[in-house]
Amino acid sequence: MALLRYAEALNAALREEMVRDPNVFLFGEDIGTYGGVFKVTRGLLEEFGAMRVRDTPISEQTLAAMAVSAAMTGTRPVLEIMYSDFMALTIDALVNQASIYEYIWAGQVRLPFVLRTQGGGGVGAAAQHSKSLDVFLTHIPGLKVVAPATPADAKGLLKSAIRDPSPVVFLEHKSLYNLRDDVPDGEHLVEIGKAVTARAGTDVSIFATSRMVHESLSAAAVLETGGISAEVVDLRTLRPLDLAAIKASVAKTNHAVVVNEGWRFCGYTAELSATIMDHAFDDLDAPVERVAQLDMPIPYSEPLEAVVIPTAEKIVAAARRALA
Amino acid sequence: MAEAIRVAGAVGEYMDSVTVLEWRAKPGDAVEAGQIVVVFETAKAATEVAASRSGVLTKIFASPGDEVKIGATLGLIGDSAADTTEAGPASEPPRAGAGMAAPRRAAPAGHAARSGRIVASPLARRTARARDVDLRAIRGTGPNGRIKRRDVERAAKGGRPSPSGVPARGQGSLNLLRSGPACDTPVVFIHGFGADTNAWRWTVPHLERDHGIVLVDLPCHGASPAHPINDVIDLAREVSQALRDAGIRAAHLVGHSLGGATALALPELGGVRLASLCLIAPAGLGPDIDGAFVAGFLRATGVESLEPWLRRLVADPARLPPGFAEASMALRADPALRDAQRMLADTLFPDGTQRFDLRGALGRLQVPAKIVWGLADSVIPWRHALASPGHVGLHLLPNVGHLPHLEAPELLARLVRELIRAAA
Amino acid sequence: MKNAPSTDECVEMYRKMIVVRSLEEKLGELHKAGKTRGPIHRCDGQEAVGVGATAMLTATDYVASTHRGHAHYIGKGLEPYKIVAEIFGRETGYCEGRAGHMLMGCAAKGMIGGNGIVGAGIPAATGMALSIQIQKRNDVAMCLFGDGAAQTGICHESMNIASLWKLPVVFVLEHNQYGLTVHHTGQSSVADLSVRAAGYGMPGAIVDGNDAVAVYRAVGAAVERARRGEGPSLVEAKTYRMVGFSTSDMGGYQKDSDIAAWRARDPIRIAFAALKDMVGEARLAAVDQAAKAEVDAAFEKAFRDPFPAFAPDPASAPYTEVS
Chain B
-6 MALLRYAEAL
4 NAALREEMVR
14 DPNVFLFGED
24 IGTYGGVFKV
34 TRGLLEEFGA
44 MRVRDTPISE
54 QTLAAMAVSA
64 AMTGTRPVLE
74 IMYSDFMALT
84 IDALVNQASI
94 YEYIWAGQVR
104 LPFVLRTQGG
114 GGVGAAAQHS
124 KSLDVFLTHI
134 PGLKVVAPAT
144 PADAKGLLKS
154 AIRDPSPVVF
164 LEHKSLYNLR
174 DDVPDGEHLV
184 EIGKAVTARA
194 GTDVSIFATS
204 RMVHESLSAA
214 AVLETGGISA
224 EVVDLRTLRP
234 LDLAAIKASV
244 AKTNHAVVVN
254 EGWRFCGYTA
264 ELSATIMDHA
274 FDDLDAPVER
284 VAQLDMPIPY
294 SEPLEAVVIP
304 TAEKIVAAAR
314 RALA
Chain S
4 MAEAIRVAGA
14 VGEYMDSVTV
24 LEWRAKPGDA
34 VEAGQIVVVF
44 ETAKAATEVA
54 ASRSGVLTKI
64 FASPGDEVKI
74 GATLGLIGDS
84 AADTTEAGPA
94 SEPPRAGAGM
104 AAPRRAAPAG
114 HAARSGRIVA
124 SPLARRTARA
134 RDVDLRAIRG
144 TGPNGRIKRR
154 DVERAAKGGR
164 PSPSGVPARG
174 QGSLNLLRSG
184 PACDTPVVFI
194 HGFGADTNAW
204 RWTVPHLERD
214 HGIVLVDLPC
224 HGASPAHPIN
234 DVIDLAREVS
244 QALRDAGIRA
254 AHLVGHSLGG
264 ATALALPELG
274 GVRLASLCLI
284 APAGLGPDID
294 GAFVAGFLRA
304 TGVESLEPWL
314 RRLVADPARL
324 PPGFAEASMA
334 LRADPALRDA
344 QRMLADTLFP
354 DGTQRFDLRG
364 ALGRLQVPAK
374 IVWGLADSVI
384 PWRHALASPG
394 HVGLHLLPNV
404 GHLPHLEAPE
414 LLARLVRELI
424 RAAA
Chain C
7 MKNAPSTDEC
17 VEMYRKMIVV
27 RSLEEKLGEL
37 HKAGKTRGPI
47 HRCDGQEAVG
57 VGATAMLTAT
67 DYVASTHRGH
77 AHYIGKGLEP
87 YKIVAEIFGR
97 ETGYCEGRAG
107 HMLMGCAAKG
117 MIGGNGIVGA
127 GIPAATGMAL
137 SIQIQKRNDV
147 AMCLFGDGAA
157 QTGICHESMN
167 IASLWKLPVV
177 FVLEHNQYGL
187 TVHHTGQSSV
197 ADLSVRAAGY
207 GMPGAIVDGN
217 DAVAVYRAVG
227 AAVERARRGE
237 GPSLVEAKTY
247 RMVGFSTSDM
257 GGYQKDSDIA
267 AWRARDPIRI
277 AFAALKDMVG
287 EARLAAVDQA
297 AKAEVDAAFE
307 KAFRDPFPAF
317 APDPASAPYT
327 EVS
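Protein chains in written order, with this note's numbering: chain B, -6 to 317; chain S, 4 to 427; chain C, 7 to 329.
By construction, these hints were calculated from the structure, which means they are not laboratory data.
Because the structure is a prediction, the values reported are computed rather than measured.
Treat the hints with care, as some may be off.
Said to hold, decoys possible - Computed cross-link-like contacts, SDA-like style, restricted to lysine to any residue with a CA-CA straight-line distance of at most 25 Å:
no.: 1; chain 1: C; residue 1: 32; chain 2: C; residue 2: 21
no.: 2; chain 1: B; residue 1: 32; chain 2: B; residue 2: 43
no.: 3; chain 1: B; residue 1: 245; chain 2: S; residue 2: 159
no.: 4; chain 1: C; residue 1: 172; chain 2: B; residue 2: 43
no.: 5; chain 1: C; residue 1: 298; chain 2: C; residue 2: 319
no.: 6; chain 1: B; residue 1: 187; chain 2: C; residue 2: 319
no.: 7; chain 1: S; residue 1: 160; chain 2: S; residue 2: 134
no.: 8; chain 1: B; residue 1: 307; chain 2: S; residue 2: 368
no.: 9; chain 1: B; residue 1: 240; chain 2: B; residue 2: 168
no.: 10; chain 1: B; residue 1: 245; chain 2: B; residue 2: 192
no.: 11; chain 1: B; residue 1: 240; chain 2: C; residue 2: 327
no.: 12; chain 1: B; residue 1: 245; chain 2: S; residue 2: 354
no.: 13; chain 1: C; residue 1: 115; chain 2: B; residue 2: 89
no.: 14; chain 1: B; residue 1: 307; chain 2: S; residue 2: 244
no.: 15; chain 1: B; residue 1: 187; chain 2: C; residue 2: 21
no.: 16; chain 1: B; residue 1: 187; chain 2: B; residue 2: 122
What the hints assert, rightly or not - Label-pair restraints from in silico Cβ distances:
no.: 17; chain 1: S; residue 1: 274; chain 2: B; residue 2: 174; range: 27 to 37 Å
no.: 18; chain 1: S; residue 1: 291; chain 2: B; residue 2: 120; range: 34 to 44 Å
no.: 19; chain 1: B; residue 1: 289; chain 2: S; residue 2: 147; range: 24 to 34 Å
no.: 20; chain 1: C; residue 1: 316; chain 2: S; residue 2: 274; range: 56 to 66 Å
no.: 21; chain 1: B; residue 1: 300; chain 2: S; residue 2: 252; range: 33 to 43 Å
no.: 22; chain 1: C; residue 1: 236; chain 2: B; residue 2: 258; range: 32 to 42 Å
no.: 23; chain 1: S; residue 1: 253; chain 2: B; residue 2: 314; range: 26 to 36 Å
no.: 24; chain 1: B; residue 1: 120; chain 2: S; residue 2: 133; range: 49 to 59 Å
no.: 25; chain 1: B; residue 1: 287; chain 2: C; residue 2: 316; range: 39 to 49 Å
no.: 26; chain 1: S; residue 1: 252; chain 2: B; residue 2: 287; range: 23 to 33 Å
no.: 27; chain 1: C; residue 1: 41; chain 2: S; residue 2: 133; range: 52 to 62 Å
no.: 28; chain 1: B; residue 1: 14; chain 2: C; residue 2: 267; range: 52 to 62 Å
no.: 29; chain 1: C; residue 1: 261; chain 2: B; residue 2: 258; range: 26 to 36 Å
no.: 30; chain 1: C; residue 1: 35; chain 2: B; residue 2: 259; range: 19 to 29 Å
C-beta: ideal position from N, C-alpha, C; glycine also.
Next up, chain B with everything else stripped away, as it sits in the complex:
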């Protein structure tokens, strides 16, 4: 066990998997000499050399497509896309290439690549560097999408993602990179598709992703002072969704709040709400409450941004609405 920052936990996962499998390689903008703009790949160029740790031109569309085809021809690429906003450029590779071949070629190829990116607001990066485009990705059949909230899960999920035979989009959060927590040493794998109860409770279930897990935990602490016992479920994998965990928690609390940092309309919270309605309708004692980003561009100035992005306070209010 070591006390590691989220970024260091990711770095450890990359290093361990590169040692384990010579076909794992990293490429992306500024990941080599500079070590990544968020320092996730720091030291790896020195350790593994320029063949396996590559700085790339600014060519996201092509890089993503190359990850797909490199994966189907014997390697395990890990591509870093610097900001999730730039994922918009990769969508053709994901939606028209990566997601189709395992199925339409009837199992002739597997596509073991990981596309790492980071998103989210809260640091004044403004409208082109703060988005949470989770649903651009979770919408696509054939992709797995994970979003760790803790350093331990960051390591365990990234190692699992690299070993996964199918495409995995790995969503990091810029505000979590400095989060420090205990991380198991060495072989620590977190199964993709499994949620975790970040805090047990009995009155209301808060289903959250990425940084919103931490906002939800803060909200749960506030709710507790008012006598409300909130359960916080960290979904960890956005697709495939851990339906059993969702059903079990709703069956226990009968009230659900769903939280995601992305936009509300047609957003991830919409899918979660519908999922709960589909699978746990008769367990609901109140409509599912959604906490999501306002449907607008993320403004730059701090007080403006704070209005747009979900907060613990909004989650508290949603939980209270659910329990009203």
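Here the structure of chain B is known, so what remains is to put chains S and C in place on it, guided by the hints.
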């Protein structure tokens, strides 16, 4: 229309009636809003009643020496000497025992009844099917009158197939009573479960000469509206809102029992700045509460059944003032209020357990704070006080029960004064 | 050095071109009869590019194709029967009927694969070449793409990266003059797209795309260069699409005189003319007959094959617990 001068609720009264001492104006005199017009005698003190509006004193119904029922109209203030028609609720007979205006009635029926369609949560429907409960007989307590599981279960337990579902009783903001000099940071008193602003009548006289005082009726209590409450935060939010509506942005909070828990939760909301905190036998610091007391107190519909429970509140029942049980029962005469309090207790103290935990909030306090607790408290064990962090002062009072503000009012006032000084 | 085909290889290319042509003509007939499903993009007239460019490749080399890939499929060694079965949605097709004519792939033969997104094969082949380089293999990746695809942003990005990293990839630009209905003069600022190779610091060549041997030679040199680790090349093969964009193309934008001129330069005629003195007309006639018979048999057999049963895609399951 002329406005009635009544025995006001400002000081509260545990008496059926009061005696008029003197009129400071005579019929035909012009009066200013705020001007003292009549003085009457309560059990312990002379109480002044100020004009609620400017105008002319047009009628006097009670002469000095007359004994009048609480709530009775003592006189009228009109626009002119000829204006002698009483406005508003004059047609309503004075409510014996209630030292305050009759609660405003809410428009009945939630949206649920609007179309005749039953609005119930899926879980409520499932529960109703399983327990063979007819949803048509239930009024929902959820938003828009939605029937939730709690409503079905209450009905299934035989707990009145719920005419009391929504104890809609009054609306608008909480009842606040102000006295003492105007100031930016008044002392705000929040009473305990089942009580009202009258709880502070023994303490406040020791403070109101030097400090601005605000007494609050919690939701479902006193003259405040009643509606479903889910947790202590709801209480705190409503108190916070009422204080802000009254222009109060900072306060020294004094809270007793459930009011203590409310006071503890209130600063977490950020609406009102806390200057100091005095918690009297507060709820929220441990799971135990005397469930038998809560149940018995709520069940009582007459003085005979209420009095034994009231005796349990204090270390020495002899300290209860004469007429205390009668006055307390009179204040609980409204069945809607009792229903509302029963639901509140079901929510906050299910099965004789405090469902909320405010120890975290206590730990986060940044202002001078004291806990005052009677060592003979049999409603909430004083040992809960031991959960408090080191920066909170403990005052454990021997031979005092659950009501230090009745049993040791001078000491309590002194402790509050010390807190105010410490916060300055 | 293997950039000149042997006589037998020339005959084999001739045979494959006839297979492709027969396939395309038969698909045209079946389309007219209402027996095909979805659009089908025929490559009549372009056979020499697909067949010639792939003739020197091995099974472990990769080819990324386009939506008009039948000549590439046959060139890379795929069987007409399994191609036809796939086109007609049969269980016995290369992809069990899931891909269709445009997206077909055969990993075992290095054909990965057809692609309906114009230009998408270019970064795909570049990525395959990256994979080969990292694995230190001696294979090459080849991208066949059209003059329409050459105008995409990913074409630029890919060629830059391929040359920057000296990736073992060969870009074969199958210049058939049209991007759907728009002539290349309405799409490109330069007539000869191979001049762009200079901008990426790689060799660029123009070759007669209707002469399979010429294509073989030019591409073969580029393949050898890639195998030597010297990086990518761009070979622009000038050809002409003698039929419409797809079976649903109403036509009307290709000049009759152009079509006639290019028909006179039909790649099969050119190959026949080159070979008849070397191997004799009789052998070529036999090859011709056998190729057509193989295609006829492929259709006959494929039509008798069953349709696939539906199976959900486990990789696409939205939940870890299916309910």
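Worksheet entry | Beta-carbon spacing of residue 35/C to residue 259/B - inside the hinted bounds 19 to 29 Å or not | violated, 46 Å
Fill in: Restraint status (C-alpha distance of residue 245/B to residue 192/B at most 25 Å)
holds, 13 Å
Worksheet entry | residue 133/S and residue 41/C - C-beta distance against the hinted 52 to 62 Å | holds, 59 Å
Worksheet item: Taken at face value, is the distance from the CA of residue 43/B to the CA of residue 32/B at most 25 Å?
Response: The hint holds at about 17 Å.
Item to complete: Take a quick look at whether residue 32/C and residue 21/C sit within 25 Å of each other, Cα to Cα.
Response: holds, 16 Å
Fill in: Cβ separation of residue 253/S and residue 314/B, checked against the hinted range 26 to 36 Å
This hint holds: roughly 29 Å between Cβ atoms.
Worksheet item: Between residue 120/B and residue 133/S, does the C-beta distance stay in 49 to 59 Å?
Response: The hinted range 49 to 59 Å holds for residue 120/B and residue 133/S, with Cβ atoms some 51 Å apart.
Worksheet item: Are the Cα positions of residue 187/B and residue 21/C separated by 25 Å at most?
Response: violated, 55 Å
Practice prompt. Take a quick look at whether residue 307/B and residue 244/S sit within 25 Å of each other, Cα to Cα.
Written response: holds, 18 Å
Worksheet entry | Hinted pair residue 298/C and residue 319/C, Cα distance within 25 Å | Violated, because 37 Å separates the two Cα atoms, which is more than 25 Å.
Worksheet item: Does the Cβ pair residue 252/S, residue 287/B satisfy 23 to 33 Å?
Response: holds, 28 Å
Worksheet item: Is the Cα-Cα distance between residue 187/B and residue 122/B 25 Å or less?
Response: violated, 29 Å
Violated hints, in rising order: 5, 9, 15, 16, 18, 21, 22, 29, 30; the structure is consistent with all others.
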